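Trainee: Here are the chains, one letter per residue:
Protein chains: 2
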Amino acid sequence: MFAVSARTQYAIRAMSCLAKRPDRSATAAEIALAESIPAKYLEGILSRLKASGLIESERGKNGGYSMAKDPAAISMLEIVEAIDGRIKPVTCVDAPGACAFGGDCHPRNFWIGLKATIDAYLAERTLKDVSEG
Amino acid sequence: MFAVSARTQYAIRAMSCLAKRPDRSATAAEIALAESIPAKYLEGILSRLKASGLIESERGKNGGYSMAKDPAAISMLEIVEAIDGRIKPVTCVDAPGACAFGGDCHPRNFWIGLKATIDAYLAERTLKDVSEG
DNA sequence: TATATTCCTACTATTCAGATAGGAATATAG
DNA sequence: CTATATTCCTATCTGAATAGTAGGAATATA
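Residue numbers (the numbering used here), protein chains in the order written: chain S, 11 to 143; chain U, 11 to 143.
Bear in mind the hints are in silico, worked out from the structure with no lab data behind them. A couple of the hints might just be wrong.
Repeated chains share a single entry, so a pair holds when one copy, or any two copies, can fit it.
Said to hold, decoys possible - Calculated lysine-lysine pairs in the DSS-like style (CA-CA distance at most 30 Å, straight line):
#, residue 1, residue 2
1, Lys125, Lys138
2, Lys60, Lys125
3, Lys50, Lys30
Since the structure is predicted, the reported quantities are computational estimates derived from the model, not experimental observations.
Generate the whole structure from the sequences, applying the supplied hints.
Mentor: Pasting the structure below:
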């Protein structure tokens with residue numbers, strides 16, 4: 011229950027890998043090799059991380075990816091949301107009545123509270139914290 | 011991300027339904043109708059809840075399901091675990107090295123902490139809290 | 001021009017959640 | 001003893017999502 015997708019786990023490892031190289035950049039192939047991630051699959055992950063502004067990229071020869079911010083300034087929530095979107099235990103967390111049970115959804119506040127708890131945990135930890143163990 | 015299965019949501023509603031009838035029992039068909047749950051699907055859910063000791067059942071005519079405990083004594087964690095098993099963000103939360111990345115898994119403690127946070131939230135709330143809104 | 005890279009689109013394979021179907025076992029009422 | 005209402009058990013189907021693959025276009029460097 012509440013399993014984290016392989017994609018998100020790959021994303022965290024890829025970010026950690028980049029965080030370890032202060033200035034240098036790394037190619038997708040290098041990261042894939044270092045972190046045991048299928049290379050082609052990783053490309054799609056890096057694309058999402060870039061779209062969220064967490065990393066930068068250079069195309070062409072000598073291209074690659076690099077951190078866009080200080081690892082201490084990137085929360086785990088940012089990474090998770092970049093890959094899998096917002097945490098949403100049930101569809102009605104955002105809008106009341108947006109689940110199969112309509113406006114009469116007693117458990118709703120319970121799930122909203124859970125979301126807030128998870129969000130807080132993830133927002134409190136940074137990439138630096140996690141990549142250093 | 012972190013979507014709760016329909017099964018677990020159904021289970022919570024079914025438990026709430028039973029919690030509202032102090033002594034009486036209800037048949038699967040009655041609960042299904044009251045909570046808009048596919049009747050046959052619900053049977054399997056009630057079976058798990060019974061296996062975990064949260065509800066009791068009587069077979070045959072005039073049979074049905076009823077609460078095995080006081081709703082205030084049933085934590086949401088018990089219900090969730092009865093349906094979907096233990097919370098496990100990554101496979102290596104229980105045993106180090108039990109993920110694809112072996113013993114060298116830096117994010118592990120991060121996920122263990124998340125599991126503990128979620129478990130605590132769920133353990134703190136009871137069926138009574140949730141079913142009353 | 002050759003090469004190394006990111007980037008984009010489409011496809012495949014596998015798994016799993018959600019649901020359905022049919023009937024066996026069991027209890028009650030008449 | 002029979003009809004009926006129920007839980008209980010097993011098998012199957014289906015659609016969506018995840019994980020991964022394939023091929024090549026765009027782009028930058030030497």
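Trainee: Now tell me if each hint is right for this structure.
Mentor: Each hint tested on the structure:
1. In the homo-oligomer, the alpha carbons of Lys125 and Lys138 lie at most 30 Å apart both inside one protomer (23 Å) and across protomers (20 Å), since each shortest distance falls under that limit.
2. In this assembly of identical chains, the alpha carbons of Lys60 and Lys125 lie at most 30 Å apart whether taken from the same copy (25 Å) or from different copies (28 Å).
3. In the homo-oligomer, the alpha carbons of Lys50 and Lys30 lie at most 30 Å apart inside one protomer (22 Å), although the nearest pairing across protomers, at 53 Å, exceeds that limit.
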